[in-house]
Structure formats: structure tokens, C-alpha cells
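Asker: Chain by chain, the residues:
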Amino acid sequence: MPVLELRKITKVFPGVVANDRVSLTLERGEIVALLGENGAGKTTLMNVLFGLLPADSGEILVDGSVVKIKSPRHAIDLGIGMVHQHFMLIELLTVTENIVLGHEPAHFGVIDFATARAKVAELSKRYGLAVDPDARIMDLSVGAQQRVEILKALYQGARVLILDEPTAVLTPQEVRELFEVIDALVAEGLSVVFITHKLEEVLAVADRIVVVRDGTVVGETTPAETDDAGLACMMVGRDVVLRVEKGPSTCGGKVLEVDHLCVKDDRHLETVRSVTFSVCGGEIVAIAGVSGNGQTELIESIVGLRRPSGGSIQLKGEDITHASARRSIETGVSHIPEDRQRRGLILEFDIAENLVLGDHRHPPYARHGIMHRRAIGEGALKRVEDYDIRTPSVHVLASNLSGGNQQKVVVAREIGRGPELLVAAQPTRGLDVGSIEFVHRQILNERDAGKAVLLISLELEEVLSLADRIYVMFEGQLVHEFAAGEADADTLGYYMTGGGSKKFGVVSDDATNDDERTEGDE
Amino acid sequence: MSDSKEGTSRGGFALKILKGVGTPFFAVLLAVALGSLIMWLSGYDAVAAFRALYLGSFGTPKAIGDTLLRSTPLILTGLGLAYGFKANLFNIGAEGQLFMGGLTAAWLGVLIGTLPWYAAVPILIVAAMIAGAAWAFVPAILKAKIGAHEVITTMMFTYIAKYIVSWLVVGPLKAPGPIPQTNQIAPSAVLPRIQSLFSPETLQSFPFLALGRAHTGIFIAVIAAVVVWFMLKYTTLGYENRAVGLNPSAAETGGISVAATTVKALCISGALAGIAGAVEVMGVHGRIFDQFSSGFGFTGIAVALLAKNHPIGVIPAAILFGALSAGAGTMQLEAEVPQKIILIIQALVIFFVAADEVFTWKVKRRQKEAVSSVQ
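Protein chains in written order, with the numbering used here: chain L, 1 to 522; chain D, 1 to 375.
Isolated chain L (complex conformation) (with noise of 0.2 Å):
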């Protein structure tokens, strides 16, 4: 008997049919991954699950008898855990408080801390999820958050969890470690929904997958049956070009050359230290490393919304060392922000107006301060062609498209405003298949018009794939540079994680050497 069983969910909403009749069974012990592209329906079905929202019409089988799930609370007293995309903890409290609440163990009104401490310990050590129970949720990396949300759900009871989008934000290391943590869950009798649409993952943790594409389940398979190419077919729809196709680089001159650039952060660390390299015009270069290694402060130097504390950036021989925001842009710089909701979109802008940020001061979008609206609409309505923005029409607010098409807008705001230099910061950060292929399509176009790119990202595949050189960031250093096809995974995994590095060692107090890692320095 299924531990879980949904029946034909169906849920409409309001112009969308999120799902359509979708079924699926869990059984004990087992690890289904759900694949979808964004938009396919697969949060709606857990949010279903999970008891955030009705169903139309379909029913809920738990244990083999029917049930409706009213609440969150009623779905968490079935035995129903959820870990969000967003993780919902409270910063300031400790990770002891943060698990025991909504269920305190406690004597009169006072809370027993020393039994829940006791006892998130022992899950802690149970399952292999490494965390610190008295350390505030604020001082914690985004991994170890991760822990703490699953340990939440396991402290409440949980058979069944379910895990939205878990590696979204995690680091490659922290992927592996939280599969390891899956195993030994499973190991345990509990039984793991994971939903994702990252096709190598699917493929190394499911026993089952299943596949859904418009609110339907469009196939069920299991990682022997099938491979990426595969898997990446069913989830579009079509044939996916998952490598992407390029020749060789030429150098065509000097175009970014940054020199023995220090930066330092919020906190007045020197994050970037004493930083050397340089980017030709037709040449994609890559800065891989884990996250908070620099390069956010690296990248804010270059795009002038940070200054730098020493050494110098010139493009194409033009000092914009201490150059503002405004007159990189202007210099020719062009800039995808890592973080799309927050630095590059304004989401309660329409489409048209967020497509002239940046440009809005000049023709033909503006002259002498006034602008054109006429010229930015025709403006936008090219540039939601090219770049293939699904919208009914360029006034649509940004914040009611998707991910996906919210990057496009940023993508052909940057790209289009034909920059020199383009520095792309995670430029396919929670997309689905489909727009990754755009973008990095998009990304190398511009490398082959012999304009220079620089990429930053924390996904291995993509520096892999696009990059025709790679330095490897760490500590705010760049501590080995390879050439394209020089490097695999492992070995860029290795220098990210300080392997090889000069400085491997020497670096005193924290332990950011290896499996502990970034914890609380995010």
C-alpha cells in the first residue's frame, strides 16, 4: 500500500489550468522526483498536498484512506513535511526555537528547551544533518538552513517530505550532502518528494520520475530507462540542445583588463584581493567559485555600483576605475544582475518601462528630459520579439511574468543595448531548460559579434559549457586559471574549495577549507 496517493488533482486558476487530473503514488521508502519546467504545475500540486490550497476536483489518499487536507497544520499531523523554496524561518531565534515551534515541549507554559535541544540533537545526528542547535538562523549559510527546515519537518513527525526546488540554492558541495541526507532518510522508511527541474539531479538521487508538462503528467520513468537528452525532451516537449555548440575564440584586443583590484564589502572586509586578469572582445571568460567568495564585490566594482579600495579597471583603455553606475553603463558596460527581483527588474514597472532602465536618459527612448513613450513602446515590442518574452502585451507588469520570462526581459535590456563589455551574473539562475538554451544562445551571440563576457556562476555545467576561460575564485583571490576543455568539474570543484590553493592552509581561523565550509559566512 502507497504511503501517498494523489487521484486526477485537478486545480484551475483564473486563466490556467495548473493541473490536469495529475496522479501520482509514493511508496514507502521511495524517492520520486518531479520534473517540470517552471510553470508546469508542480508547486501548485504540492501546495495542493500539502493543504495551502483546495483542490477542484481529484482526492488525497494517505495511508490508503481518503483524506482532506484542510491546512498546513492538518497535512504536518498526516505526516506530511514541506521544506519551501523560500526557506520560513525566523532569523533571529535559535535553531532549537525555530524547529520546536508551533509544537514547544512544555511544562505550565514554560518551555522545556533542554528536552527539544536533546531531541533536535539526536535527529541531527540520526540523519546525518549537520547543524549547530543553538546557533541563530542568521548566522547560518543557506545549506545548513536547508537542514534545519528538513530537521523541522522530521521533529514534527513527518513520513513524507517533500522537497521544493531544494538545490536551487545550493552550492555543488551542499547538493551532494543534501542527497546523502536524502539516502539515509529513505534508509529510514521515510519516503521523499523531490521536485526540481534540473535534469542531472533527477537522475542521481530518484527512484522514480515523473514527468509533467502543462498542469499533466506526461510520462513516468525511472533514471535507468533514460538519460538528460532524454529526460530534457519529455519536460519540453521537443528536442533540447542541452551542450551548447560553439568554435574557437578569437581575441579581438583588450576590452575588460582589471588590475590588482581590491574591493572590500559591507562589513569593510577586503573581499577582492588584489585581483589580475582581462577579457577579450569576442571571448567569454568565467569566474567560478562558491558564493560568497568575492565575487559579488568583484562584479559590483566592475559595474560601478561599488568602489573599489585599490588597483584599477579600464575598458578598453579607459579608466572607469571609481566610475558611477550611470557612466558604466554609458562607457559600455552592461551588467545582469545575479539577483533579477532585486537589481535588475522593476516589478512594478511594465515590461516596456523596465526594458529603457538604463537608457532611459537617451534617444531615442528621451530627449532633453522628456520621454518618448511612443518610441519606448515600438522599443519594447522588438525587443519582446526578439528575445522571445511570452507576454499578451509589452504593459503587462514584470511582476506577472515568470521567472523564466522576467530573465528574458533583463537579458534583452542588457544585450540589447549592444554593450562591450556584458558581465552576466548567474544569467540562468532558476530557469527551466528551454530558457537556459535562450540565454547561453544569447550570451555566446554576443561573444561571436567580438564583444567581450564576463560570467560568474556557481553552476559548474554552465562555466563548463560557455566559457573559453575560467579562473577559479576563492577567498577573494583568482587562484588557478584554466583554458576551455582544460578543466572538468572535479578539478574546478577542487581549487573552489581551496585545493591547490597558495594560500590552502595559511588561512587561520575558519574551517572554509573543506566539508564544514561557509557556515555562517554567507
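Bear in mind the hints are in silico, worked out from the structure with no lab data behind them. All values derive from a computational prediction rather than experimental measurement. Possibly wrong hints are sitting among the right ones.
[Stated by the list, open to error] Each pair of labels, with its calculated beta carbon distance range:
1. D:Pro122 - L:Ala449: 31 to 37 Å
2. D:Pro122 - L:Pro363: 29 to 35 Å
3. D:Thr235 - L:Pro72: 55 to 61 Å
4. L:Cys233 - D:Ile17: 23 to 29 Å
5. L:Arg267 - D:Leu15: 48 to 54 Å
6. D:Pro338 - L:Gly102: 46 to 52 Å
7. D:Leu34 - L:Gly369: 42 to 48 Å
8. L:Pro363 - D:Lys145: 49 to 55 Å
9. D:Lys145 - L:Asp319: 33 to 39 Å
10. L:Glu91 - D:Asn88: 20 to 26 Å
[What the hints assert, rightly or not] Covered stretches of chain L, as calculated for chain D (at least 3 residues, CB under 8 Å):
11. 306 to 315
12. 334 to 342
For each residue, glycine too, the CB sits at the ideal point set by N, CA and C.
Since the structure of chain L is already known, use the hints to place chain D on it.
Answerer: Chain D only, in chain L's frame:
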């Protein structure tokens, strides 16, 4: 808007207006209903009260004039507040900027002497704008450079402005006589009453033009509303103002200086409040004294809120608040309902508009959740 893609244009536009106007209208209705209930519970005749309120605000041309008179500064302060709100700035000190604008107009109005009106009026208005902007400039710089919250600083500057005026009208600028006030401004600097623009014969045949004390400052206010609307919608300045208000990080990434935009926004907000002070001096009192503003700067907050920060919407919102205060006297006189009841109704209007904000915010969040859960 160039809706070249498809026909969202006309129907969409009408719907947008309806959506924009619908909730404030509903808020006013609810406020009137609840106000009536309060009057009834306190033993007053609500029907008579509202009849008197109406008579005193719209019942006669003179009453309409009174309403317009009181709406004029409210349009301007409301615009100032709305412009600031669009940049996510709460210029709670509009009252102080209004005092400085008024002071400047009263002082220069005496000095300009025999200049013709077409020179005198623009000079005074522009000077008052500069004074209002200057009074907002220091809080603006403090906000831009060290992040000092504008609610605190502009409020403090309001006290300073008021005390400066208090001192000047008993000291250096005091007019001869027992009353603490400045000298009467030059006749050419006075904004004439609307009815004075027409001959007695015209007024006889068109009695609705006899608008009593309403003065031509209302035209300045309406022009200002159109200008602010144009600025927000069609200029890079307005675009940057809105961008910074909605998402400063993205604006900064797009090459917009958040600090400079903040300073500009607060100064423009102050300039608008400065005009409000000037039209009060030039159109109503002819001079400045201690209590020349009955909190127009503060009521401007409510006006902007009711107008949902839309510059054109500020006009009807200001007229509503102007009418409430114009009709309050008649209400007390004829229905024997205390004037303070009007304050309750004003408060209720604000309450319901704010409640609507909370409601729409919740609905939006729910929609967003629904949308993101589709993904």
C-alpha cells in the same frame, strides 16, 4: 500610452479610472455612513447635518467658492506629498515648507512695490518654490548622505519654520499696529478673486460665477497638478523618481543615483508646499501671521492618500477635504452639530482608504502566491 499591440486601450483605460476612483469613492461613502451613525448615536439629526454640510460647501455659488478657497492649498500640499510618496519619501513636514513659502511671498510681496502683476506674481511664486525647496533641502541631504529619516527631520524643520515666522511677525517684519502680522503685500502681488474678473453685469446674468472668496490661486494649483502628472509620466525625472520609489536597488543598477533622486524628490515636494503657502498669502490673507495655515501641510497627507498619489486625483480629493471644512461651519450653525464631527468624518475617510490599501495588499499577495504556485 502607445497601445499599439492590441485593444487594451479604451476599455482598459476606462477600467483603470474606475478602479482608481472606485475604492476612494467607496471609502467616502462608508465614512459618511459611519459618520451618520455616530451622529445619530450622539443624538444629532444626521440628515439635517449632511444637508447643512452640503449647503455650506456646494449649496450656493458662494459656498462653492469657500470650498475652492480651502481646496487650493490642499491641492498643492497634496501634490507635494504625492510626489514624495512616489519616491517612497514621506514629507510629513510640508507644513514647514508651506510656512517658508508663505513667509517669502509675504516678505517679497511688500518689497516688490510697483512691479506689474505679471512680473510680481511669477516672482513671488518662484521665490516661494525656492524657499519651500530650500526648507526641504537640508532634510533631503541628511536622508541622502546619512540616511536620517525624513519623517523626523522634516517634522523638526516644521517647528523651526513656524517659530521663525512667529518671531518675524512680532519682530523685524511686524507691521505697525497691535496685531502681530506683516505688512499688506503690494496690490499687484495679490491673486484676485475669481468673481472680480467679471463685470457686475456678467455676474448678474451668470450668478454661478459669484464665487465669493475663491481666488485665482486655484488655477495655479490645477496647472501644478497637470505639470506634476506630466513630470511623473513623461519625464526622465519622474521615471527616476518612480523607479527609486519602487526598487532603489534596481534603479541604482540602472545607473540612477538614489541619493540625487531623493534630494530632488524632497525638494520638488517642498517647492509645491511652498507654492501653497504663497497662494494663501497672495490670495487670502495678503500677509503672513502666526496661524495663517490651518494645517494644510498635514491635511495634504490625507489628500495624497485619498488620491492614491495620482496628481490629477489630488484635485477631487482636495476638493472633498475643502468641502468638509467649508461646510463644517454651516453644519454647526444650522444643524447644531459640532464642527468636530467633521474631523471624525475626515478621519474615517482616511481610515477606509488605508483599510483598502491593506486589503488590496492582501489580495495582491494572495494572487502573487497563486501565480507563483503555478510556476
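Asker: Between D:Thr235 and L:Pro72, does the C-beta distance stay in 55 to 61 Å?
Answerer: Check failed, 48 Å falls outside 55 to 61 Å.
Asker: May I ask you to test the hint 49 to 55 Å on the CB atoms belonging to L:Pro363 and D:Lys145?
Answerer: violated, 33 Å
Asker: Quick one: see if chain D covers the region 306 to 315 of chain L, three-plus residues with Cβ-Cβ under 8 Å.
Answerer: violated (count 0)
Asker: State, for the Cβ atoms of D:Pro122 and L:Pro363, whether the hinted interval 29 to 35 Å holds or is violated.
Answerer: Holds, at about 32 Å.
Asker: Return holds or violated for the Cβ distance of L:Glu91 and D:Asn88 against the range 20 to 26 Å.
Answerer: holds, 24 Å
Asker: So the hint says 31 to 37 Å: do the beta-carbon atoms of D:Pro122 and L:Ala449 match that?
Answerer: Taking Cβ atoms as reference, D:Pro122 and L:Ala449 lie about 54 Å apart, which means the hint is violated.
Asker: Taking the beta carbons of D:Leu34 and L:Gly369, is their distance inside 42 to 48 Å?
Answerer: holds, 46 Å
Asker: Kindly confirm whether 46 to 52 Å is satisfied by the beta carbon distance between D:Pro338 and L:Gly102.
Answerer: holds, 51 Å
Asker: Could you check the hint for me, namely that L:Cys233 and D:Ile17 are 23 to 29 Å apart, CB to CB?
Answerer: This hint is violated: roughly 49 Å between Cβ atoms.
Asker: Quick check: do three or more residues in the region 334 to 342 of chain L have a beta carbon closer than 8 Å to a beta carbon of chain D?
Answerer: Coverage by chain D holds here, the residue count being 3 at a Cβ distance below 8 Å.
Asker: Taking the CB of D:Lys145 and the CB of L:Asp319, does the distance hold inside 33 to 39 Å?
Answerer: violated, 26 Å
Asker: Given the hint of 48 to 54 Å, is the C-beta distance from L:Arg267 to D:Leu15 inside that range or not?
Answerer: holds, 49 Å
This entry does not satisfy hints 1, 3, 4, 8, 9 and 11, going by the numbered hints stated previously.
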